[in-house]
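Peer 1: Top to bottom, those sequences are chains Z and R. Heads up: the first sequence is residues 1 to 168, going by the UniProt record's numbering. Heads up: the second sequence is residues 1 to 168, going by the UniProt record's numbering.
Check the hints yourself; a few may be wrong.
Unchecked claim - Derived CB-CB ranges, DEER-like:
no., chain 1, residue 1, chain 2, residue 2, range
1, R, A26, Z, P117, 32 to 40 Å
2, R, T19, Z, S115, 32 to 40 Å
3, Z, P18, R, W76, 38 to 46 Å
4, Z, P39, R, G131, 25 to 33 Å
5, Z, P37, R, A10, 26 to 34 Å
6, Z, G54, R, P135, 32 to 40 Å
7, R, T19, Z, A26, 23 to 31 Å
8, R, R49, Z, E44, 41 to 49 Å
9, R, R20, Z, E45, 26 to 34 Å
10, Z, P18, R, A26, 26 to 34 Å
11, R, W76, Z, A10, 23 to 31 Å
12, Z, G131, R, D87, 26 to 34 Å
13, Z, E100, R, R48, 31 to 39 Å
Honestly, the hints are just simulated from the structure, not real lab data. Keep in mind that this is a model prediction, so the values were computed, not measured. Where a beta carbon is used, it is the ideal one built from N, C-alpha and C, also for glycine.
Protein chains: 2
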Amino acid sequence: MDRLHLEDLAPGQRYGSPTRITVTAADVTGFAAQYDPQPFHLDEEAGRRSVFGGLAASGWHTAAMTMRMLVESDLWPAGGIVGAGMDELRWPRPVHPGDELHIETEILEVRPSRSRPEQGLVKARTTTFNGRDEPVQVLVANLIVPRRPEGAQQREERPSANSSRQAP
Amino acid sequence: MDRLHLEDLAPGQRYGSPTRITVTAADVTGFAAQYDPQPFHLDEEAGRRSVFGGLAASGWHTAAMTMRMLVESDLWPAGGIVGAGMDELRWPRPVHPGDELHIETEILEVRPSRSRPEQGLVKARTTTFNGRDEPVQVLVANLIVPRRPEGAQQREERPSANSSRQAP
Chain Z
1 MDRLHLEDLA
11 PGQRYGSPTR
21 ITVTAADVTG
31 FAAQYDPQPF
41 HLDEEAGRRS
51 VFGGLAASGW
61 HTAAMTMRML
71 VESDLWPAGG
81 IVGAGMDELR
91 WPRPVHPGDE
101 LHIETEILEV
111 RPSRSRPEQG
121 LVKARTTTFN
131 GRDEPVQVLV
141 ANLIVPRRPE
151 GAQQREERPS
161 ANSSRQAP
Chain R
1 MDRLHLEDLA
11 PGQRYGSPTR
21 ITVTAADVTG
31 FAAQYDPQPF
41 HLDEEAGRRS
51 VFGGLAASGW
61 HTAAMTMRML
71 VESDLWPAGG
81 IVGAGMDELR
91 WPRPVHPGDE
101 LHIETEILEV
111 RPSRSRPEQG
121 LVKARTTTFN
131 GRDEPVQVLV
141 ANLIVPRRPE
151 GAQQREERPS
161 ANSSRQAP
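Bound-form chain Z, shown alone (with noise of 0.2 Å):
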């Protein structure tokens, strides 16, 4: 499969991905038993009682499993997806179990490196949306995209069945 270069990447992409998650209970107290034990992650009733209406998913649970479906996703440069840091990370709303995640990346700016000629950076926003298009997490990152090597030929478009690239 081609990978993406910093020169097949433009401003207004979107780029969708296949993997859709379903979040389950046994998701949300596992991952904040290891990581972010607090009464809101870990217990249903402690979740009612708070600000979250009910046992909510930690925000890095959210975007661990964002991740993942952005590593599965047709937005898939050559190196690999490599943050040099974020412009924003945000939850508008909580994960629920039950809720079913899924993500639309935009990419919003692509750079060339100043400093570093053979890259450069792709700011891109990747939202996630539970099963009722709700954006639960906005995430702005910065990515680093190698430039294609001189005399590498073009990029061809590959036809997939899972692709939801679309022009902008």
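On the provided structure of chain Z, position chain R as indicated by the hints.
Peer 2: Below, chain R alone, put in the same frame as chain Z:
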């Protein structure tokens, strides 16, 4: 134990955590297999050939481990550690197996909410360090912290062997 309200927090305060986490190769590959299955997070040899120079923890794994240390820190707001959003999240250095992580949090801003008089926002920078005291993650988060209910007593300083709170 007393929990912190908005009135207890002030810019310049620093909070440590007694928790230190030594990262193992099994931790790194286990998290990656579930949430970030890219070769440089799964395989030592692939890591060596990557920009990370060796098997490297997913940045989201570092973020999750940081949250664990934060939940167990002396920064213990009433209502829990609830993030309204991040202003910054970056990973200046990779985390490798064998690294022992610890955190330090500095309060940057404290402001009452205009729309929700019972709470406020606290901007805090949590830096995660490896065993050589090099930063491996910088997180600037906006936390929602309740104000002290009217008529309630001032929080008394509690002596604690674990306390690493420092005067500014």
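Peer 1: Against this structure, judge whether each hint is valid.
Peer 2: Verification of the supplied hints:
The supplied range of 32 to 40 Å is met by A26 (chain R) and P117 (chain Z), whose beta-carbon atoms lie about 38 Å from each other. Separated by about 37 Å at the C-beta atoms, T19 (chain R) and S115 (chain Z) satisfy the suggested range of 32 to 40 Å. Between P18 (chain Z) and W76 (chain R) the beta carbon distance is about 42 Å. The supplied range of 38 to 46 Å therefore holds. Between P39 (chain Z) and G131 (chain R) the beta carbons are some 32 Å apart, a value that agrees with the proposed interval 25 to 33 Å.
P37 (chain Z) and A10 (chain R) have their C-beta atoms about 27 Å apart, which keeps the hinted 26 to 34 Å range intact. About 36 Å separates the C-beta atoms of G54 (chain Z) and P135 (chain R), a value consistent with the hinted range of 32 to 40 Å. The hinted window of 23 to 31 Å between T19 (chain R) and A26 (chain Z) holds, with their beta carbons roughly 25 Å apart. Between R49 (chain R) and E44 (chain Z) the CB atoms are about 45 Å apart, so this pair conforms to the stated range of 41 to 49 Å.
At about 32 Å, the beta-carbon gap between R20 (chain R) and E45 (chain Z) stays in the expected band of 26 to 34 Å. Remark: the range hint 26 to 34 Å for P18 (chain Z) to A26 (chain R) is upheld by a beta-carbon distance near 29 Å. Take W76 (chain R) and A10 (chain Z): their Cβ atoms lie about 47 Å apart, and the range 23 to 31 Å is violated. Our hint of 26 to 34 Å for G131 (chain Z) and D87 (chain R) holds, since their Cβ atoms are close to 30 Å apart.
The given range of 31 to 39 Å is respected by E100 (chain Z) and R48 (chain R), whose C-beta atoms sit roughly 38 Å from each other.
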